[in-house]
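Participant: Sequence:
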Amino acid sequence: MPTFLHTADWQLGKPFARVEDDTKRALLQQERIEVLRRIGTLARERKAAFVLVAGDLFDSTTPSKSTVAAACSAIKEIGVPVYAIPGNHDHGGVGSVWTQPFFELTRQQLAPNLHLLLEPKPIELDSAILLPCPLLRRHEVTDPTAWLRDPEVTAALPADKPRIVLAHGSIQGFGSQDDDDDSSGGGNGAPANIANFLDLNRLPAGAYDYLALGDWHGMKEITPSAWYAGTPERDRFPKGEGNLPGHVLCVTVERGATPVVEPVVTARFGWHHIAQDFQDDADVEACATRVEELLAGRSGADLLRLELSGRLGMDAMTRLETLLELWQSRLLRLKLANDTRLAPSDAEVEALTRRTGDPLISRVATRLVALTRGADENAASVARVALRELHANLAGPSQTLS
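In this text, residue positions in the sequence shown follow my numbering: the first is 1, and each later residue adds one.
These are computed hints drawn from the structure, not numbers from a lab.
A portion of the hints provided could be inaccurate.
[Claimed, not checked] For each label pair, taking beta carbons as the anchor points, the in silico distance ranges come out as: (1) Val382 x Val141: 52 to 58 Å; (2) Thr258 x Asp22: 45 to 51 Å; (3) Arg44 x Met1: 14 to 20 Å; (4) Gly95 x Asp126: 30 to 36 Å; (5) Glu221 x Leu336: 33 to 39 Å; (6) Ala370 x Gln328: 31 to 37 Å; (7) Gln328 x Pro101: 40 to 46 Å.
[Claimed, not checked] List of simulated lysine-lysine pairs, DSSO-like, C-alpha gap at most 27 Å: (8) Lys220 x Lys239; (9) Lys220 x Lys161; (10) Lys121 x Lys161; (11) Lys47 x Lys239; (12) Lys76 x Lys65; (13) Lys121 x Lys239; (14) Lys161 x Lys24.
The C-beta atom is built at its ideal place from N, Cα and C for all residues, glycine as well.
Using the sequences provided together with the hints, build the complete structure.
Facilitator: Below you can see the structure in the form of structure tokens.
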């Protein structure tokens, strides 16, 4: 009954191009290396016999030499054999990283425990049989697991050792997520439209004991014997229900029995999503509370997709902008969609339009207020900006955080 770790979609060298700050982008890239050390700690704690990487060890077929060296150094620290197949990002085609002399030399020197499974053929270990389904192209038009349907394959396998399949791709009704962390992806798709389609239903019943799957970046149980491990360090904003990235699976398996699968959290960085519709000015503080609860006093450890809508008065809008500036500094990335409209309160309007000592300002403010309520949206938009500037100049220095 071997125990092993199932992981996938490391995508080392991912550029995180939408993170504008160079230092923050480097932190995200480095954390994808650091999580490998946490995987090594887990392997030692659970006395894992080996680690399986179900595709996409690298983010591309041509990672930088420094990324290759950092990866191999971290893999060596895992301390047990690591078996990996190429996925769609780092497929095993001509010219890929796996065929480069530099990679092989670096692997030999720094990570002799890393074994690349580049052919669909059984690999017999002391305690298990590995059945790899490597991707040799980014988009395979045939099912990578098709070779496992051959009765001669199963007939030739030892009867007593558990059989573990490694595959990278999509299953029916559970398509791959888009690679872009800004897209909404992760939807369903018909088999004809899914690249690297894995038709698990056609595998012989009972022939294989565990299917270690990669490609979906969230952890997901497909059947008790088939799991997506997801990426061990989150790399995109939440996409729908049941998407649980940031785990490694600790699996104990024996021939002919249902495997025991334990998800273990390995992620450090938080990727969050908040949508806030401002119904009144007090909602700004409610939004602030929601964000602070997520960040829990941290700085430089979270990314936030913040969607704002509704209407705010001028003082509340100023308060919101102060908060956004603060969050921008603390977050690794603030992806902001701000559709909040300026809607001065009655008190704010009266303070501008009924200034007995400043009749000129009162007349200008009255005209601006009328424009904000008119049918011409372009004029209204300009008027809202002007009205707010007028308010800010008359109110004195902008509000600061309490």
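Participant: So, for every hint listed, does it hold in this structure?
Facilitator: Here is how each hint holds up against the structure:
1. Evaluation of the 52 to 58 Å hint for Val382 and Val141 yields a pass: the beta carbon distance comes to about 54 Å.
2. Range check, Thr258 to Asp22: Cβ separation about 48 Å, and the 45 to 51 Å hint holds.
3. Take Arg44 and Met1: their Cβ atoms lie about 19 Å apart, and the range 14 to 20 Å holds.
4. In this structure the hint that Gly95 and Asp126 lie 30 to 36 Å apart at CB holds, the actual value being about 35 Å.
5. Between Glu221 and Leu336 the C-beta distance comes to about 35 Å, which sits within the given range of 33 to 39 Å.
6. A C-beta distance of roughly 35 Å is found between Ala370 and Gln328, which places it inside the suggested range of 31 to 37 Å.
7. Checked against the hint of 40 to 46 Å, the pair Gln328 and Pro101 passes, with Cβ atoms roughly 44 Å apart.
8. Only pairs whose Cα atoms come within 27 Å are accepted, and Lys220 paired with Lys239 is accepted, the gap being roughly 13 Å.
9. Of the supplied pair hints, the one linking Lys220 and Lys161 holds, its CA atoms being roughly 25 Å apart against a limit of 27 Å.
10. Restraint check: the Cα-Cα separation between Lys121 and Lys161 comes to about 16 Å, which is no more than 27 Å; the hinted pair holds.
11. The straight-line distance between the Cα atoms of Lys47 and Lys239 is roughly 34 Å, outside the 27 Å bound, and the hint therefore fails.
12. Distance check on the hinted pair: Lys76 and Lys65 sit about 17 Å apart at the alpha-carbon level, within 27 Å; holds.
13. Of the pairs offered as hints, the one joining Lys121 and Lys239 is violated, with about 35 Å between alpha carbons and a cut-off of 27 Å exceeded.
14. Between the alpha carbons of Lys161 and Lys24 the distance comes to roughly 46 Å, so the proposed pair goes past 27 Å and is violated.
Going down the numbered hints, you'll see the structure goes against 11, 13 and 14, while the others check out.
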